Amino acid sequence: VVGLITPWNFPLTIASWKLAPALAAGNTVVIKPAELTPLTALRFEQLVLEAGLPEGVVNVVAGPGSSVGARLVEHPGVAKIAFTGSTEVGRAIAAAAAATIKRVTLELGGKSANIVFADADLERAAASAPMAVFANAGQDCCARSRILVEASALDRFMDVLEEHVESLRVGDPLDEATQMGPLISAGQREQVASFVPDDAPVAIRGSAPSGPGYWFPPTVLCPVARDERAASEEIFGPVAVVLPFRDEAEAVALANDTIYGLSGSIWTRDGAKALRVARAVETGVVSINSNTSVRVATPFGGFKQSGYGRELGPHALDAYTEVKSIYYATG
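Just so you know, we're using the working numbering here: the sequence shown kicks off at -1 and counts up by one.
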């Protein structure tokens, strides 16, 4: 039996990419969805039964993480936990699982860097930067919320970035023209707002609807010290910081100056430099001249306090199997 504890920001996608390899490896599954998005998982369970899977193969148990999730982690009949969520909760799950040496895969928080060198295609890098942060209203552990820009290119980059942030379409998620929707709850909006006090150095602010909904405008802060909250903590909302750097060594140092290591991007026309920086950045996924984070054909997971274990790609089945050696004497 495998326990899958899934988040609210991508409730169906992440449940699916955990469930498929778990079933393919021959396990039964208990899904514990996030308290804010239980209906997706409950409907998914109905569809699984309609598709012909026997009862008891895929099960959904909704409820608070403090009770339902904790019981799933502690239960002696559960051999494996796969969790996606905050680093804080991931630490608690790892500690609880350690009591019985339960197998655990953790995909946790991030504070990813989008590194832009002066020799990059600045227009393309700046045009793509907003959706690398503000997609899903920034509620994404892979969000490139630290934009590191070589100092000699900072002014030009900011000019182009401002144009694209201010033109971002924020509105009803059911409208196909919308590029960014609301935050999930009032509590999440309050959390995000705490990173942008009245005296915050707001360099760029986009628009957001004023009507009902947990709206927060796409926001870029600059200048920001590297040790300030907005530059060091995961915000999980549509707020980015811009940090200038002098050279390649400082870019790598800034990118690695975090407890996280989930994803990141490098923008440069110099292929050798791109590969040097990609090797030096302490993160599980690196994109060169793009902001790709997740592809089903390649492994996904983090370094440092962004978790351990890999999902997707050829390694997906490894998390849900055990290796056994059998010696069969025939004589």
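Treat the hints as calculated values from the structure; they're not laboratory data.
Incorrect hints may have been included.
Here are the computed lysine to aspartate or glutamate pairs in the EDC-like style, where the Cα-Cα straight-line distance is at most 16 Å [as the list claims (entries may be wrong)]:
hint, residue 1, residue 2
1, K100, E72
2, K271, E246
3, K271, E231
4, K302, D255
5, K302, D153
6, K100, E320
7, K302, E246
8, K302, E280
9, K271, E43
10, K271, D119
11, K271, E248
All values reported here derive from a predicted model rather than from experimental measurement.
A quick look at each hint next to the structure:
no. : hint        : in the structure
1   : K100 / E72  : holds, 9 Å
2   : K271 / E246 : holds, 8 Å
3   : K271 / E231 : violated, 28 Å
4   : K302 / D255 : holds, 11 Å
5   : K302 / D153 : violated, 33 Å
6   : K100 / E320 : holds, 12 Å
7   : K302 / E246 : violated, 22 Å
8   : K302 / E280 : holds, 8 Å
9   : K271 / E43  : violated, 48 Å
10  : K271 / D119 : holds, 15 Å
11  : K271 / E248 : holds, 13 Å
Violated hints for the displayed structure, listed by number in ascending order: 3, 5, 7, 9.
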